[in-house]
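**Student:** All chains, please: the whole structure from these sequences, using the hints.
Residues in the sequence shown are numbered from -4 upward in steps of one, following the numbering used here.
Source of the hints: derived by calculation from the structure; they are not laboratory data.
FRET-style restraints, in silico, Cβ to Cβ:
hint, residue 1, residue 2, range
1, E553, E708, 27 to 35 Å
2, D345, S694, 43 to 51 Å
3, Q438, S124, 51 to 59 Å
4, E504, G707, 47 to 55 Å
Below are the SDA-like pairs computed for lysine to any residue, each with C-alpha atoms no more than 25 Å apart in a straight line:
hint, residue 1, residue 2
5, K63, A585
6, K202, V109
7, K297, K718
8, K696, G731
9, K388, G482
10, K684, D712
Note that beta-carbon positions come from the ideal geometry of N, C-alpha and C, so glycine has one too.
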Amino acid sequence: MKNVSVIVLLVGLFVSCGDNVTNKTMTSKILSDKVDPFIGTGGHGHTYPGATVPFGMLQVSPINGISKWDWCSGYHYSDSIAVGFSHLSLSGTGIGDLADILFMPINKEVDLSVYPKSRDSITYKSKYSHSNETAKPGYYQLYLDDHNINVELTTAKRTGYHKYTFNPGDSQSVIVDLGFTLNWDRTVETIITVEDEHTISGYRYSKGWAPNQKVFFVAKFSKPITGKNVFADGSKIEGNKVEGEKTAIQLFFDNADSNELFAKVALSSVSIENAKGNIEDGGFEFEAVKSTADKSWNSALKSIEVESSVDSLETIFYTAMYHAQVAPVTFSDANGEFRLETDSIVTAKDYTAYSTLSLWDTFRAEQPLLTLIAPKNVSDIINSMLAYYETKKILPVWTLYANETNTMTGYHSIPVIVEAYLKGIKGFDAEKAFEAMKNTMMQDERGLKYYKEFGYIPYTSIDESVTITLEYAYDDWCVAQMAKALGKTEDYNFFLKRSEAYKHLLDTETGFMRGKSEDGKSWNEPFDPKYSNHRVQTDYTEGNAWQHSWFVPHAVKELAELHGGEDVFTSRLEQLFTESSEITGTHTSADISGLIGQYAHGNEPSHHIAYMFNDANKPWRTQYWVRHILDTQYNTTPNGLSGNEDCGQMSAWYVFSSIGLYPMNPASAEYEIGSPIFDKTTLNLANGKTFTIEAENVSDKNIYIQSATLNGEDFNDTSIAHKTILEGGTLHFVMGPNPNKNWGIKK
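**Tutor:** Okay, here's the thing in structure tokens:
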């Protein structure tokens, strides 16, 4: 009896432990379930809903076939027509390109001899409904109403997978159209080859935003090809190979044995052989690849875990984390090779080469976020930039498919490099990087000739002179910090002095940075701080004087002094947020969006401004305005972003700001403190340590910091160092409904 009792007790304990394990597993968060890839696909967000993996080479996504600004990713939520599914997409940019290697399943034979002049004349297009559309990290599904086909997409790092389910008895066919283009992308040369009954290959050379884009591909199908119609430049061609400016092929498959057809596709910038080397081994294990993609996203999302009683906040947060890790994209092949814009082939040794470097946007918060959640990627990105530097001995500005687009102002690869180095991220040659930064800032292109001659750029010399001057001043400050870290005193003093260029442009009477003539005295007249002219005959980039007069992140205290002191400075900051939102001019920039007064959260130049109150001894105003931006500029609808996502920057701002931090000056290696919205945030750092941020009593009304402790000790600072976070620990805030005007004040 005694032994029986012991057995019963042990069984009970075992069952109890099993229940606890099960309950813990059941309640564990599947973070990918909290992501909604449709957020940002409406409005001006310009994101795509298709399948990709973290920093993956491919973005397999639906294409609507419209060439307009809000369709820059190839897709817009307002649409209901699909023309196919491409393998390269841009996430949230303002310029449309890519949509390369278009596939479209169809259940009938169509004529591809006449190339359509608009979407209306595309013979293979289909209507669809959002009620028959699904998107999750690493997976996308759409039912094509006109073709009665269910399309499912998933992807590995370098291979895209398609699953097409046809109606029983319907013809099974796939169109591959290499001549399809969006916006100003134009094909130069295309080739399609039917290699065997399961395989096609080819390439697509095009000229667009990327002036020399060469994409090679290979596609394998789960069924043998039973027939084909091949077209080149309006003519039907016999044989297994077709070439021309615009080529397309319709493939036919046997419908007898299965309603399902699978395809897998790999790309390369180098060659068809490299594309074959990129394609995943094995068969067409769609569900297994989908599961692996989901696991990779869960791992990437768990680098920051947040806790809130408000589900929508977690949805916005994890979607932002998702969008912050779809770009930059893997560019080097499995063997390390990749093509430069000069057509030379180089090899990434001991690193992965990346492209889609939207540096004007991403240096502000996206790249700083990666230093916390993906530091290895940061060193690889820097090595990629140094490889691109070798083509013209100038660091990249905006790199697309290894092509320098020279889009936007400044050389913001520089703060990315300096920030990484000062945060202890190695894996790249610091001396080579410094040489590249110094050479870049000492050459004459893109206004630097005038900047060196006058100490600023006169408005009579080039357009956007104010913005360019301010951004070069910041780049100079960054070079100076790198020089200091490397013991290069002469370079440090030179670039530090040059970083004061902003002082030339501040009109202290009005409080605005203004265009100045070559004489160093007279301003550009007439002056209207609300006036915007998009990219031409203007002193400001995609904005106006209200939005661009604050870009001095490296010298906020000095800027406040130039304004006449902290009170004058903060009064003008307040006016930015409370001024009327009228934008004057006849050719205003569409990028000016997400307006709060004249503050434009929909475009990146405004992103640091709310945090400037911290350095002017009014941190409670930073807390107020940051929370206001969080509450009003993001939501869970397709229109949930107030402006272009811009390769992760819009989302990275939310990730940082929602947990209570922001890299106002990224290269300072410090984070400003704002107003956390989550009860608890856990940073799972790459070094194995954790840093926790707690916000006691936080709510939609309790937005102000009452007090704070760091590892149990009083904490009364409005910034925290990156190295402090890497050490691990707990930053605990007590929140309340009224500002504590003593917390964070520097006496």
